[in-house]
Structures are given as structure tokens and as C-alpha cells.
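**Q** If you want the building blocks of each chain, they are given just below.
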Amino acid sequence: MARAVSNKTKTINTVIAGTLGVLMFFPILWIIILSFKTEEDAVRAPLEVLFQSGWTTDNFSTVQARSDYFRHFSNSVIISLGSTLLGLVVAIPAAWSMAFVPARRTKDVLMWMLSTKMMPPVGVLVPIYLIFRDTGLLDSRVGLTVVLMLINLPIIIWMLYTYFREIPGEILEAARMDGAGLKEEILYVLTPMAVPGIASTILLNIILAWNEAFWTLNLTAANAAPLTAFIASYSSPEGLFYAKLSAASIMAIAPILIMGWFSQKQLVRGLTFGAVK
Amino acid sequence: MKLKKLLLSAGTMAMMAVSGSAWAEEITIATVNNNDMIVMQELAPKWEEATGNKINWVVLEENVLRQRTTQDISTNGGSFDIMFIGAYETPIWGKNGWLASLDDFADDAAYDLNDIFQLVRNGLSAEGHLYAVPLYSETSFTYYRSDLFEKAGIAKPTEQITYDQFAEMVSKVHDPENGVYGTCQRGKAGWGENMAFVGTLANAFGARWFDEQWQPQLDSPEWNAAIHYYVDLMTKYGPPGATANGHNENRALFKDGKCATWVDATSAANDVKNPANSKVADVTDFFQAPKQATDKGTGWFWSWALAIPASSQKVDTAKDFLKWATSKEYFQMVGETKGWVAVPSGTRASIHEDPRLLEAAPFAETIKNAIFSVDPADPTRDPVPYTGVQFVAIPEFQGIGNFVGQQVAAALAGQMSVEDALSASQDFAVREMTKAGYIK
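Protein chains in written order, with this note's numbering: chain L, 1 to 277; chain V, 1001 to 1440.
Just so you know, these hints were derived from the structure itself, not from any lab. Note that CB positions come from ideal geometry on N, CA and C, so glycine has one too.
Covered stretches of chain L (in silico footprint by chain V; criterion: 3 or more residues with CB under 8 Å from a CB of chain V, positions within the stretch not fixed):
1. 124-137
2. 222-232
One-sided excerpt, in silico: chain V residues whose CB lies under 10 Å from chain L:
3. N1034
4. D1072
5. N1076
6. S1079
7. E1249
Taking beta-carbon pairs under 8 Å as the criterion, some of the chain V residues facing chain L (in silico):
8. V1032
9. L1060
10. Q1071
11. G1077
Work the whole structure out from these sequences, hints included.
**A** Here is the structure:
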């Protein structure tokens, strides 16, 4: 039975949640406001919300004219989707084996995989850069897809492992008794049952890959540069371009914001999957 | 007959296409997002049309560009065919054999290499070889509000004033109640930020980074006097939160009419004097950066230049672009299409003598004279083993400069005393220089 919550507590909770929500959204709101200002209004001190020179959409058209947004956008889509799907191909069998056929060292293996995320990426930049140079993968979408898959793989495996653990092993056993092989068991029994978990893993990893800036800036030049490089190009040592930088940021984050908005139900469902048994 | 003709013309067209694609090349240029580079990107299609080549522009933030290009060039990565680099990197990278030599530019009479100021060519050379050609060069000078000076009864200095006189002037025009601060100087930590100004200030006070034996001198009385002056000046007459202000922030403040004086890059003059961008375009004038114990090294020297990494596979095409982008014709094209006030300054003598430039930007002469007053080979009162005015042209300087910049910013913020800041800086510099083998 649900615990009774007084109206007063509800109001306080709502106010706290609302305030936190506004605080968290404020930087994005500020970027949106700046993107519609002129450069002069954008740097006016003290910063004003009012638009002295009126609203303008020039920043968006200038940004599009100066840099090829759609090329960067398509690179972002290919790299984030590619790395996530490639990651799933590796992670589903790995998570299956660790969840349903655990060995004595499975926990250690999981921890070891997670520990790779604790290392600063700059520590392996030069070796990876040299490997990419020698294999001709510098500034290629294939190379970036592989790297992003590898850096997100521990998270994908961990998430899937957690979801798979919630699925009763007896169901898989039943499938085996009905004559399902390993492939059928994973493809037709396990995967459909773990769809919410897999979906949220996909969404989260697309977001992580979309926003990844260290590797995407360091391993690309002109051909494979995604939207992170697009944003970075509007920062200047001589002359502030806050309004254009904000417009570029909005153009870069809009697709992922919209995707997140539409899939938030799925995302929350997946993230809380198995939280209450 | 008709068929034969058709086949013949198709064959000719195919051959032309093949030969065209064999000649046309795609080059990649890494650059920062400065105004002059944006103009170059807008005009570059003319070169592409004329040559059939194609350019891929990679625009990066300055620190990312420096890190990215260093990484690529030092590992022979070959990601870029042309890079925008500065007067600091060029001699170091040239000496390391990382850049293609541009000595053959001297043989091209139409290019007229000697028209580029000798001082700038020297700054972009190492061991007698030219490694980069400049898009623009700059020194520092004092921007001031002529209306506020007039109101306060201060005449425009005709000769180089001292920093003491400067502080006196600043005190008279400091009016925070009306939103005008006496002076805006760089406070944001970084060798290319606060240390650019502080470096020239220290030079003026007779300080030097190293003595002739590469022994760091940061705990000298000269450094102490310079940093005390800086902290006092900024605390009394600077805007609040000055440690967050770098070149960009001060430029925005000055253009918005919040600063009465500002000692900074001459390259910002076009922007500050442009009424479309600046509220103070008509009431801004300039004078030389002040001196104190000496007039040596009181204005800095910097140049944004184009260089070709030795790892590029398309050196000939890259050289062709470099010649086009730094030719007399290019600067004239900028003047004719973007206005003469937008022409990059401090590069070519013939452009600085062009009456169209002198009419549109009368301050161009002041900039030229200021640049000519700088000598990176003789930057300090006492002898030094290095070249560079606001930087020391050795690879270790970036780290040392950044560390000292952080200590100076901490002193400005009141988090530590000037003495502690300089003592920590000295210890760090000694450690780094010992590690690098300069000090035995």
C-alpha cells in the first residue's frame, strides 16, 4: 500500500523538483536565448535577457553558410549509431555469458572492464593515434566508430548484464529443452525479453557517442568530423562569437534533444527495469 | 561520321576529366576562427576556381589547434597540408624539421618575398630558413578613450610614457559609478593570455625570464616590482572579476565603452574602430605601450602565419595556396571586397603604403611604427639567451608560462601574495629547466 503523503509535502517536493529542473535546464535556455541575439547583445555586460537590437536568426544562417552542418550531422549519425550497434553485437553475447554462465572470475572481469573507464583517455591518445596513422584510419568514420564502440563497450556490457540478470534462467533452460541452440536462445528468447533494457542501452549509448568530444576532435580532420568538431570551430581566440557559438550548439544538440524527448518513456523504463523485483 | 565525331569528343572529354582529376588536389587546412581567417575562407573559392583544387577547412579552438597540430606533426600524421601557426611555434617546429622550408619563395619575383617586413620574416625563420609566411602580424599598444582623456584634461602622449605616468592617467579617468573602469588588462591565466601583457610589463620594469645561463629570474626585484604594479593597478582601477578576462572579454568591454584604457593587440584596432561593431569607434585613439626602467620589449610581437607540415604529401599545391593567400593581390582583394579597414595588418610594406589603406585606416601607420619598434632578438634591458618578447622561444616555455600565469592570476585574485606567487613560479621554472637540461 502506498504511503500517504500530505499535500504540504507534495507541494514542497514539487517546488524542489521544479527548481532543480529549471536550474538544470537553465544553461540550455540561456544558449537558446543567446542564439537569437546579435553578437553585440550577446556579450553586453552585464548580460541582459532583453534584446536591444531585436531578435535575429542570422546566426543560424551564418553558421550554416560557413560550415557544412549536414556533413557534420551525417557523420554524427553514422558514428553514434554505428558504434552503438557494433557495441551491441559484441556486448550481447558477452553479457549473456556473464549473466547465465558465470565463472569464478566473472565479477573480476566485469570490474576490470569498468576500470578501463577510469583511465584518462589522453593516456592512450598517442598509441591510438599512431595505430590509426599506420592503418590509415585517421579522419575516417570507420576508425571513429570502432574507437567509440570500444570506449563505450564497458557501459554497454554492464547495462546489458544487469538487465539479463533479471531474466529467470529457467526460461532459457525451457528454450534449450525445446531444442533451441545458442543462437536461437539469444536471438529469439533472450533478446525479445530484454528489449526495454536493450532499447535504453541503445539510447544512452547514442547520447554518449553523440556528445563524445575528446576522440572525435583528436582523430578527425575534415572528412569524419562530427557535430562536436562543428561546435568547437566557433570558439575563437580573437573576437567573441557567443551568439554564433550558441546557434551552432543548438543545431548540434537539437537532434539528440528531440530524440531524447520522444524516447524518454522508453529510456526511463529501461533504466528502472529490474529496480524493483 | 557522326558516331565517329561523338566517340572522339567523348574520348577527349574523358581524357580531360582524367587529366583534370590527376592535377586537381584536395588540401586540408587547420585554422582558428579569427576574423582574418574567416575572410580567407570566404575568398578561397577564387583560388579553388582558378586552380581546380579543393580545400577542406578544419576550424579549431586555438588551444585545441595547437595540441592537435603538435600531435599530428610530431607523429608525422599527415592529417593537414597547411596549418595556421604562430610566431612561437614556427622557429621551434622549423628547427625540429617538422615544417617544409619556404626558402624558394624568394625566387618568385611576382610573389616578392622582400615586400614582407624583414622583422616578420625573421620571426618566422629558424637557422636562416623561412618556415611560414604571415597573414598578419601584431604588437601591443595602448587603446584609449580620447573623449574621456579630453574631459579629464589629459593630452595624448606624443612620446612613450612610463607605467607610472600611465597609472596617473588611469586614476583620472576611472569612473566606476558611470560604468567606466580606468583600465582593462588581461587577467585570465595562460601564457598567451595574461602573460602576454605581464611579459611586456615585466620587460618594461627591466625583468627577464632567464639570465644568460638559463637560470630563471622570477624572484628578482624587477619581477616583484612589475607584478606589484600590475596587481595594484588592476585592483584599484580594473573591472571586477578581472581574472576571468582575456583578450576577447576585454575587447568586448572596451567596445562596449566600459574601459578607458587597454594595452593589447594592434590587430583588434580594425574591429574597435569599426562603428558597426563598436560603440567607441569614433572616440578611440592609440599610443605606444608604456615603458618604465627600459623601453625594450614593451610591445609584444606575434604573427599568425601559414606553414606546411613536412608530413604533407601535397607540398606543391600547399605552396601554391600559401603564395596566393599572402600575395599582394590577396590583400588588395580583401580591401576591394571587404573594405580596406579589414585588410590584415603588419605583413607587406606595399600594402601599408597603399593610399586606400591609409585613407580607410589612418591608424595603420601607427601599427606599422609600433611593429617596427619591436625586436624579438633583443627583448630585454639585460642580456638574455633567448628570442621572443612576450614568450621565450623554447618548447618548455608553454608549461612554465602557464604556471606563472596561474600564480599571477592567483595574486590578482588575492588568493596569495605577490611574493608567494613569484617564489612558487621561480621554484617551478628551476625544476622544469633542470629537468630539460638547461641547468646542470
